[in-house]
Amino acid sequence: MTAEIECEQNKRVSVSREGWTPKIVMFCCNWCSYAGADGAGVARLQQETNVRVIRVMCSSRVDAVHIYTAFLEGADGVLITGCHLGDCHYVNGNEKTLVKYKFIKSMLDEMGIEDERLQLQWISASEGQQYAAFVNEMTEKIRKLGPSPFRKPEVI
Amino acid sequence: MTKVKVGDRLIGWSTNEEVRSNGGSGGLVTAVFAAALEKGLVDNVVVLEKANQFEAVPIITDSVEDVFNSAGSMHMLISNQTKYLQQFKNEASIALAVKPCDMRGIREQQKRNTIDSDKIFTVGLNCGGTMAPFKIREVVESVYEVDPDQVKGEEIEKGKLIIETFDGEHHSHSIDDLEVDDHGRRENCRYCTVKIATNSDLACGNWGVIGELSGRGTYVEVMTEKGAEFLQNAIDMKFAEVVEAPEKGTEIRGKVNGVMLKMAANTHKEVFKPIEGDKLEDLRKELENCIHCGACKEVCPVCACGVDAKCNKYYDPTDDYDISLYHLIRFLHLSDSCIGCGQCTDVCPADIPLTRLYRRFANPVQEELDYMPGMDDRTPPFFLTKLEELE
Chain A
1 MTAEIECEQN
11 KRVSVSREGW
21 TPKIVMFCCN
31 WCSYAGADGA
41 GVARLQQETN
51 VRVIRVMCSS
61 RVDAVHIYTA
71 FLEGADGVLI
81 TGCHLGDCHY
91 VNGNEKTLVK
101 YKFIKSMLDE
111 MGIEDERLQL
121 QWISASEGQQ
131 YAAFVNEMTE
141 KIRKLGPSPF
151 RKPEVI
Chain B
1 MTKVKVGDRL
11 IGWSTNEEVR
21 SNGGSGGLVT
31 AVFAAALEKG
41 LVDNVVVLEK
51 ANQFEAVPII
61 TDSVEDVFNS
71 AGSMHMLISN
81 QTKYLQQFKN
91 EASIALAVKP
101 CDMRGIREQQ
111 KRNTIDSDKI
121 FTVGLNCGGT
131 MAPFKIREVV
141 ESVYEVDPDQ
151 VKGEEIEKGK
161 LIIETFDGEH
171 HSHSIDDLEV
181 DDHGRRENCR
191 YCTVKIATNS
201 DLACGNWGVI
211 GELSGRGTYV
221 EVMTEKGAEF
231 LQNAIDMKFA
241 EVVEAPEKGT
251 EIRGKVNGVM
261 LKMAANTHKE
271 VFKPIEGDKL
281 EDLRKELENC
291 IHCGACKEVC
301 PVCACGVDAK
311 CNKYYDPTDD
321 YDISLYHLIR
331 FLHLSDSCIG
341 CGQCTDVCPA
351 DIPLTRLYRR
361 FANPVQEELD
371 YMPGMDDRTP
381 PFFLTKLEEL
391 E
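Keeping their order, the protein sequence lines are chains A and B. What the first sequence shows, in my numbering, is residues 1 to 156, in sequence order. What the second sequence shows, in my numbering, is residues 1 to 391, in sequence order.
Hints in this document: simulated from the structure, not taken from any laboratory. Remember, it's a predicted structure, so these values are computed and weren't measured experimentally. Any given hint could turn out to be false.
Facing chain A, a subset of chain B residues (Cβ under 8 Å, in silico) [what the hints assert, rightly or not]: (1) Lys158; (2) Leu283; (3) Lys310; (4) Tyr321; (5) Asp322; (6) Ile329; (7) Leu332; (8) Ile352; (9) Arg356; (10) Arg360; (11) Phe361; (12) Val365; (13) Glu367.
Where is the CB? At the ideal position from N, CA and C, for every residue including glycine.
From just these sequences and the hints, can you work out the full model?
In structure tokens:
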């Protein structure tokens with residue numbers, strides 16, 4: 001009996017794909033990408049609705065803690081967007097994001113998390129079109145990948 | 001003889017005959033420390049005091065006599081001394097003998113402004129690896145079939161671990177054979193790639209001491225201005241004598257190092273072979289016994305965060321995540337700075353092979369950036385502002 005219980009606890013039940021839609025957390029910088037998202041909305045561009053946008057003042061505000069927490073809480077993908085290099089409202093915030101992103105990416109790779117689940121993209125305030133395209137493209141890619149390995153079955 | 005300068009390769013020994021024959025390989029390190037203390041170049045010296053035949057504890061002293069009575073080098077001193085130094089808050093100047101990994105820890109702390117490099121003088125000792133005292137105790141009983149309490153001392157020679165008992169007998173076994181059953185050096189030592197402490201002020205060791213000086217002299221490479229000053233001081237005060245190292249000695253030293261590194265590379269391949277199957281599941285399995293005591297962070301020689309660290313602050317025991325944030329954050333923060341000293345594995349009460357896990361994340365990044373933490377004064381890559389500075 002004990003053995004059975006142990007077995008039950010140690011088994012990671014993979015999330016069934018049935019009735020599953022990807023949950024994506026997206027960090028948008030206040031000065032460019034968030035305005036870009038706004039622009040995409042105002043222009044009534046068709047977008048997938050799986051993305052939850054979190055506004056941050058700068059893409060460099062996104063810490064590894066945020067990304068890991070998102071994954072551990074059941075996100076299937078995390079997208080980070082910021083101003084184009086050289087256009088940062090805080091001089092070089094997005095350069096710092098790049099450094100951090102490189103390390104986190106390498107770590108996720110080492111844990112066997114697919115490349116598409118964490119993506120970084122520069123989107124400026126006027127690029128509503130690109131914003132919508134990026135959201136649609138990533139949602140499609142993550143939908144193909146299936147539920148994140150971090151995701152627990154009980155997470156809806 | 002001309003003045004000692006940076007880059008000199010010398011063979012030295014203590015002028016005190018007693019120290020020279022009793023101390024390890026000619027007692028040069030003892031002489032340098034004693035001279036520095038006598039002259040007032042440093043306030044304190046860290047020496048080893050034998051706790052028992054298997055273990056020594058580092059003690060800090062300001063008496064020359066204690067320095068002369070110290071235990072010499074040991075193969076079973078596994079603690080990293082970086083964290084001890086932090087306790088002194090740079091109030092006193094300290095001289096100490098270090099393993100390469102100790103020095104790497106000290107260097108990393110200097111970069112993080114917790115240890116003042118002006119206050120520290122280090123003599124680096126060659127290190128082919130260290131062994132956990134409790135394991136050797138077990139081995140002595142099970143493999144050597146000797147009563148552990150009858151052991152007088154240990155020595156490593158030509159790849160063999162020699163145990164000397166009180167009745168004067170020598171028992172030896174090949175370390176390679178011992179390591180098949182994980183009874184030899186600690187795992188991280190087996191794949192460590194720094195055997196000569198070229199990051200310290202003076203890099204000392206017995207590799208490359210040949211001919212009649214063998215066993216009675218120490219090969220020393222002067223790495224910094226400070227090292228030259230301290231060695232010159234010991235010579236001026238007639239505590240030590242040096243001669244130019246013969247070409248052949250230098251060659252042999254390089255060869256020994258080469259052989260060691262080759263062995264390390266083989267072990268590295270073995271330990272870090274690609275994981276088959278679910279990598280995440282593998283990691284989760286390794287960490288599932290973690291009790292979140294935080295000991296691995298406490299001993300980590302490169303961690304300078306203190307109690308208000310991100311890994312502590314954002315981790316909550318009620319999280320119920322597959323892998324706790326504590327580990328994920330530490331894996332990330334150490335991926336550029338892990339020196340592979342093995343302290344975390346040693347202290348882990350749940351026997352998690354933490355060093356291996358940290359190295360698993362650190363290896364690809366450090367290889368790609370060609371960055372060896374603690375070996376030079378480069379800023380840790382994670383602290384850089386621009387990606388171009390990385391390459």
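So which of the earlier hints does this model not fit? 1, 8, 9 and 13
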